[in-house]
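Number of protein chains: 2
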Amino acid sequence: MTDERTARSDARRNRARVLEVAAEVFAAEGFSVPVHEIARRAGVGTGTVSRHFPTKEDLLTAIVGARLADLTAEADELARREDPGTAFFALFTAFVRAGAADCGLAELAGADRRLDELGERAGADLCGRLQELLAAAQESGAVRPDVGYSDVRALISACMARKDPLEPILAVVADGLSARSSTR
Amino acid sequence: MTDERTARSDARRNRARVLEVAAEVFAAEGFSVPVHEIARRAGVGTGTVSRHFPTKEDLLTAIVGARLADLTAEADELARREDPGTAFFALFTAFVRAGAADCGLAELAGADRRLDELGERAGADLCGRLQELLAAAQESGAVRPDVGYSDVRALISACMARKDPLEPILAVVADGLSARSSTR
DNA sequence: CTAGAATCGGGACGGGCATCCCGCTTTGCC
DNA sequence: GGCAAAGCGGGATGCCCGTCCCGATTCTAG
Chain A
1 MTDERTARSD
11 ARRNRARVLE
21 VAAEVFAAEG
31 FSVPVHEIAR
41 RAGVGTGTVS
51 RHFPTKEDLL
61 TAIVGARLAD
71 LTAEADELAR
81 REDPGTAFFA
91 LFTAFVRAGA
101 ADCGLAELAG
111 ADRRLDELGE
121 RAGADLCGRL
131 QELLAAAQES
141 GAVRPDVGYS
151 DVRALISACM
161 ARKDPLEPIL
171 AVVADGLSAR
181 SSTR
Chain B
1 MTDERTARSD
11 ARRNRARVLE
21 VAAEVFAAEG
31 FSVPVHEIAR
41 RAGVGTGTVS
51 RHFPTKEDLL
61 TAIVGARLAD
71 LTAEADELAR
81 REDPGTAFFA
91 LFTAFVRAGA
101 ADCGLAELAG
111 ADRRLDELGE
121 RAGADLCGRL
131 QELLAAAQES
141 GAVRPDVGYS
151 DVRALISACM
161 ARKDPLEPIL
171 AVVADGLSAR
181 SSTR
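Those sequence lines, one after another, are chains A and B. Mapping of the first sequence onto our numbering: residues 1 to 184, in sequence order. Mapping of the second sequence onto our numbering: residues 1 to 184, in sequence order.
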């Protein structure tokens, strides 16, 4: 439809502008901002938004998908270069920081199901990597064995939702998750 | 208006029934359930609901206020009978368990501001008690000094949102919060 | 420059929901 | 038993929002 090559130049411009504005607005105020408002700030009509992105969900997918892909790539990088424990905690922190900087991403991460379903696979990929790293970290003894993936997800979500400095809560959670805590 | 003594008997009955049903429904499905649905399940008209509780918020206040009052009383009890560290962790756990059993309460606890306001309206300053217990527990050296009240709130909220067993995540968070973690 | 097609703007539409209203029913006192 | 008055039911109203549509506008190939 809006092919990057064949589309009219004004259409390409508008599409990019909508994406840019929507990314800012979702990051600042979350996904509940009306489409109408995004159109207004982008200086286009609502019709223009919904032609490029037939559904609000499509818009979200286009924006958040890119962020998730970045994080997934980082996860792979970490898995390759670091030991399991280090890699797991690094991904945990990166995920949290990404969410803290992007209100929309944080909302999404809070709704377990939606993150998995988002887009084709962007969300599922990241979730899969996180699960693998958790398992590996537990295997290697860096993370206590009694926590589940869903516990980790909940903790990530709690950390991202913070407005205040992240360091204290990250320290608390990292200490709690590490194996030395469970053994006193 | 709907005075417990002077009201007509059918009015009292209906009011009680609405409260009962709403408490169940909010606990099971959260605050987003339409008022219409509550009326239907209670076997009354929507008008009856909104006469007794002019606003959906009023209904929520009536229900959650009672829970908050219970927890506040428990907090006072704990503060009187236990040492600060024990009392703090006990309240933490009680709060989490209450939220895990009540979807509506969990939603509310996630929205920092609203819980404060609702507690105030219901005359149950649970948040204040939690803050006091945290401060006392930190003073006594039971809780690491670098965590803030808002960190605690976030962790509580994350724990309550769980559907799976609470024990693992409670153990993780308790270990992370305790002072021995911060000192290695 | 021009024509025709792609794109635009923003109003129309529909669905969901909280709240209000009013004709009818039930209650409780005499 | 009868009659105000209180209470009831649920349809009407208003608001918010996402999506669709179409006459007006802008682009670009020739």
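It is possible that part of the hints are untrue.
Note that the list lumps identical chains together, so a pair holds whenever it fits in one copy or between two copies.
[To be verified] Calculated lysine to aspartate or glutamate pairs in the DMTMM-like style (CA-CA distance at most 20 Å, straight line):
hint	residue 1	residue 2
1	K56	E20
2	K163	D146
3	K56	E74
4	K163	D70
Honestly, the hints are just simulated from the structure, not real lab data. In this text, all values refer to a predicted model and were calculated from it rather than measured experimentally.
Status of the hints after comparison with the structure:
{"no.": "1", "hint": "K56 x E20", "result": "within (15 Å within a copy, 37 Å between copies)"}
{"no.": "2", "hint": "K163 x D146", "result": "between (29 Å within a copy, 16 Å between copies)"}
{"no.": "3", "hint": "K56 x E74", "result": "neither (27 Å within a copy, 45 Å between copies)"}
{"no.": "4", "hint": "K163 x D70", "result": "neither (23 Å within a copy, 29 Å between copies)"}
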